[in-house]
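Q: With the sequences and hints as input, model every part of the structure.
Top line first, the protein sequences correspond to chains A and B. Quick note on numbering: the first sequence equals residues -16 to 408 in the numbering used here. Quick note on numbering: the second sequence equals residues -16 to 408 in the numbering used here.
Watch out, some of these pointers could steer you wrong.
Since the list can't tell identical chains apart, any single copy or any two copies may satisfy a pair.
Stated by the list, open to error - Capping the alpha-carbon separation at 16 Å, the derived lysine to aspartate or glutamate pairs in EDC-like fashion look like this:
no., residue 1, residue 2
1, LYS341, GLU376
2, LYS346, ASP83
3, LYS372, GLU136
4, LYS196, ASP306
5, LYS154, ASP310
Hint data in this document are derived by calculation from the structure and do not stem from the laboratory.
Protein chains: 2
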Amino acid sequence: MTTNHTPMWKDLGLDIEAHDALLSVLGQAYGDIYLAQENRPEGMGYFDFVMSEVHGQRIQELVDAQAAGRKVIGCYCVFVPEEISLAAEAIQVGLCSGADFAMDEVEKYLPRNTCALIKSSLGFKLAKVCPYLECSDMVVGENTCDGKKKAYETLGTMADNLYVMDLPQVKSGEGRALLKAEFLRYKEAVEALTGNTIDAAALKKGIAIVNNKRKAMARLAALRHNPVLPISGLDALIANQVFFYDNPVRFTDAVNALCDELETRIAEKTSVIADGTPRILVSGCPMAVPNWKLPAVIEASGAVIVAEESCVGERGCRNLTDDSADDMDGLMDALVDRYLAIDCAIFTPNTERAGHIKELAEKSKADGVIQYTLNFCQPYAMEAIPLEKELEETGLPTLRIETDYSQEDMGQLKTRVEAFVELLK
Amino acid sequence: MTTNHTPMWKDLGLDIEAHDALLSVLGQAYGDIYLAQENRPEGMGYFDFVMSEVHGQRIQELVDAQAAGRKVIGCYCVFVPEEISLAAEAIQVGLCSGADFAMDEVEKYLPRNTCALIKSSLGFKLAKVCPYLECSDMVVGENTCDGKKKAYETLGTMADNLYVMDLPQVKSGEGRALLKAEFLRYKEAVEALTGNTIDAAALKKGIAIVNNKRKAMARLAALRHNPVLPISGLDALIANQVFFYDNPVRFTDAVNALCDELETRIAEKTSVIADGTPRILVSGCPMAVPNWKLPAVIEASGAVIVAEESCVGERGCRNLTDDSADDMDGLMDALVDRYLAIDCAIFTPNTERAGHIKELAEKSKADGVIQYTLNFCQPYAMEAIPLEKELEETGLPTLRIETDYSQEDMGQLKTRVEAFVELLK
Chain A
-16 MTTNHTPMWK DLGLDIEAHD ALLSVLGQAY GDIYLAQENR PEGMGYFDFV
34 MSEVHGQRIQ ELVDAQAAGR KVIGCYCVFV PEEISLAAEA IQVGLCSGAD
84 FAMDEVEKYL PRNTCALIKS SLGFKLAKVC PYLECSDMVV GENTCDGKKK
134 AYETLGTMAD NLYVMDLPQV KSGEGRALLK AEFLRYKEAV EALTGNTIDA
184 AALKKGIAIV NNKRKAMARL AALRHNPVLP ISGLDALIAN QVFFYDNPVR
234 FTDAVNALCD ELETRIAEKT SVIADGTPRI LVSGCPMAVP NWKLPAVIEA
284 SGAVIVAEES CVGERGCRNL TDDSADDMDG LMDALVDRYL AIDCAIFTPN
334 TERAGHIKEL AEKSKADGVI QYTLNFCQPY AMEAIPLEKE LEETGLPTLR
384 IETDYSQEDM GQLKTRVEAF VELLK
Chain B
-16 MTTNHTPMWK DLGLDIEAHD ALLSVLGQAY GDIYLAQENR PEGMGYFDFV
34 MSEVHGQRIQ ELVDAQAAGR KVIGCYCVFV PEEISLAAEA IQVGLCSGAD
84 FAMDEVEKYL PRNTCALIKS SLGFKLAKVC PYLECSDMVV GENTCDGKKK
134 AYETLGTMAD NLYVMDLPQV KSGEGRALLK AEFLRYKEAV EALTGNTIDA
184 AALKKGIAIV NNKRKAMARL AALRHNPVLP ISGLDALIAN QVFFYDNPVR
234 FTDAVNALCD ELETRIAEKT SVIADGTPRI LVSGCPMAVP NWKLPAVIEA
284 SGAVIVAEES CVGERGCRNL TDDSADDMDG LMDALVDRYL AIDCAIFTPN
334 TERAGHIKEL AEKSKADGVI QYTLNFCQPY AMEAIPLEKE LEETGLPTLR
384 IETDYSQEDM GQLKTRVEAF VELLK
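A: Spelled out as C-alpha cells, the structure:
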C-alpha cells in the first residue's frame, strides 16, 4: 500500500497490532499463492491491486462516502439483496471471513464444533481486525443455517447495529411470502438507515447495476468452459471474492476488460494449462478471502479449477433479476423470485442443486468434482453424501473434502487431492 | 414379555435377530438402571410393565387398531400436534431413538458429525429394529434443526410414507402464519390418511385428551418440587418418555394414580433421597428411550434430578391448549399459539428459555443445572454458552455436558458429574 492507512484504521477502532499481523499473513499468502503463478492475464493486475488495498483504499472510499452522507451495509450472505441497498444509495460489502483469528477468544462464545466461517466472523469482530465490519452502519445477518442463526444472537450482544433477516427453509407459498415480507422489511430498514425513499426507478437502477455485475461474472465463467483455458481457477476465485467488496460498477468494468483479454487469449490459444490437465469443478461451501487453501492445493497438484458451484461462484451469481416491471411490487416480486432460485443447502428439498452441478460439470468439461465442506457445516455435509452417489452414477468421479482454515491437515489434504488428480489423468 | 411377539415383528418386516439384540440390551439396561433403584413408588409398576412391553403389547395394540381401521402416525418431534391426529381417530407415537444401532451403515448416509439422535433414527430404519416406525401408516418429519431437516431427505428415499412439516425459525407474524398453514396442511393430510373429517367437536376432544395428559405431567413435575422428594429423576424420566408411546388416556390415568401415591408419600415424608442430596435440573436436548446415560450417572453420583427442561420433559409438556373456541379456526389458532410458545433452540431469538430455566430451577429448588447437549447439536450447543453465563450470574452453578449414546466417555462423564455434585454439597 502506498498510503499510510493507520490513522483511518485507528479511527475505525481496529486493533492495529493484530490487524498488521493479519495483513502481513494475507500479503504473504497472496504473494505465495497468486503472484507466484505464471502466465497470468494482464487484467488480473486490477484484482491484485484491489487485494493489496482491500483494507486500505477501498475502506478509504467507504469512509469518504460516509462523510458525504452515504451508508455502508455489511452482510454475510448472498441472500441480502444488494439491489435494494444500492437503490437507497447505500454501499453493500461482504463480511464473510476466511481466516482463523482470536480462536481462543471465539471459543468462549461459540462451541468448538462450529464451522470455520462462523468462528472467523466472530473472531474478526472480537479481535477488531475487520475494517468492513467496523465501518458498517448496519450489519445484516440472516437465518440460513443453524450455526449462523444462533451465532448472530451472540454477535448481537457485541454489535448494536445488527439487523437479522429471516429466511424460509422451504420454497413453498408461505416460504415465498416470508421472503417477500423480509425483503420489504429490509427495504424499510434501508430507507430508515439512509433517509432515502426507494421508488421503482431507483430499484430498477439498483437491479441494473447488480445484473450487470452478475452478467460479467457469467461471461467470465463461460470463458472458463473453453478447452483453451485462459485463466486459472485461483485467479477466477479472486474475481469471485472481490465481487463482494468492490465498487460494483468499477468491478463490472474490470471483469469485462479481463474477459476481453481472455477472449483474445482463447483466439490465440494461450492456455494457462498444458493439454490433458485434469479439470476440476469445486462444489459446496463458500470461500471467503483469504481462504484459498483447497484451490491452492488443487492447482499445485497438477489440476485446474474450471468452475465453482458455491456462493462465492456460480450459486451466488447465477440468475439475473427480471427488471421488466415498472412498479415497486412487480420489481420486489422479481427480486424475490431471483433470490428464491438460489439452490442453497439450507432449503429442503434442494433437488435442483444436483442438476446444476451436473450441467455445470458438462459445460465446463470437468473431469471430476471436489465437494468442499467446512467441518461442522451440516447442510453441505448432509447434501454431499447423496450428491456423491448421484454424480458418480453419471460417471463423474468425486472427492469429498471436509476441512477448516487451519494448516494442520495440509499433509493429508495434499495426499488426497493428488491421488484424486492422478485418478483423473 | 409373556406373549411371543415374534410373528408380529416378522409381519412388520423387522430384522428379528437384530431386534432381539436391541431388546436384550434394553432389558438389561432397564434392569440395571431402573429396577435396581430402591424405595420406588408402587405406581412405577405400570411404567415398568409398559417398558417391558414397549415393542410387544403396545405394538400389538397398534396393529389391532389398524386392523380395525385406525391409522398410526409416527413422529420425531413435539411440534407434531397430537390433538389433530387424535381428532381424526389416528394414533400418534414417538419415533425418536435413543440408542446407537447400525452406525457403520448410518455413516454411509449421514456425516459422522451428526447428532446421535438423528443417527439413531436412521439406524433404527436401516436395521429394521423399530416396530413403531415399521407399523406407522405415516411418518412425520419436521424442519427443526439443519441436521433433522436434511436427514429427512435421506429418510425419504427409504420410507415412502414420510410427510415433512415445515416450521418457522422466528416467532414473527409470518412465522405464525407459516405454522398455521402447516397445521392446516397437516390436518388435511391426516384427514386424507384416515378418511375422517375433523370438525370442531372432534378437535376439541383431541385437545382435551392431550391437555389432560399434559396436566398430569405438570402435576408430576410439581410434586418433584417438594423438599420431600417422592420419586427419582430416573423414574420421572420414564414417565416423560412413555408419554410419547402409550395410549394417552390410559397413560394419563397411570400418571395421576402415580401422583396420588406421591402425594401420600410427601404427606408421610417418604423421600427417595437423604437430606442434603444435591438437586439437579437437567436442561437441553431430549432423551429418547433408552437414552438414560446421563441421568443414570447423575443419580449414581449422589445427586437427584428434580426437573427436565427438555422436549422429553417440561418443554414438551408446558402450556395447555385453550379449548374455549367453538369453531375450527379458533381452535386451530389456539393450537398454533400453544405450539409456537415452545422455547426450542431452533427459534431465534429464544430468550424466553433462560427465564423458563431460572423459574424451573427456583420452583424445583435445584442446587445446580446440568446442560445436556448431544454432540453436534448446534442449536442447543450454541445456546448453552450464553445460558451458562446467565445462570451463573444468578448464582446457579452449571455444568455443560456434551456427549452421545456411546459408552466411550463414561469415565470422563462420571468424573465430571461427580466433581460437580461434590461442589453442590
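Q: Decide, hint by hint, whether the structure agrees.
A: Here is what the structure says about each hint:
With identical chains, the CA atoms of LYS341 and GLU376 are at most 16 Å apart within one copy only, with a shortest distance of 11 Å there and 53 Å across copies. Taking the shortest Cα distances, LYS346 and ASP83 never come within 16 Å of each other, neither inside one copy (35 Å) nor across copies (43 Å). In the homo-oligomer, the alpha carbons of LYS372 and GLU136 lie at most 16 Å apart only across protomers (14 Å), although the nearest pairing inside one protomer, at 36 Å, exceeds that limit. For the identical chains of this complex, LYS196 and ASP306 are intra-copy neighbours only, at 14 Å inside a copy versus 55 Å across copies, given an alpha-carbon limit of 16 Å.
Taking CA atoms no more than 16 Å apart as the test, LYS154 paired with ASP310 passes in neither setting, with 24 Å inside one copy and 31 Å between copies.
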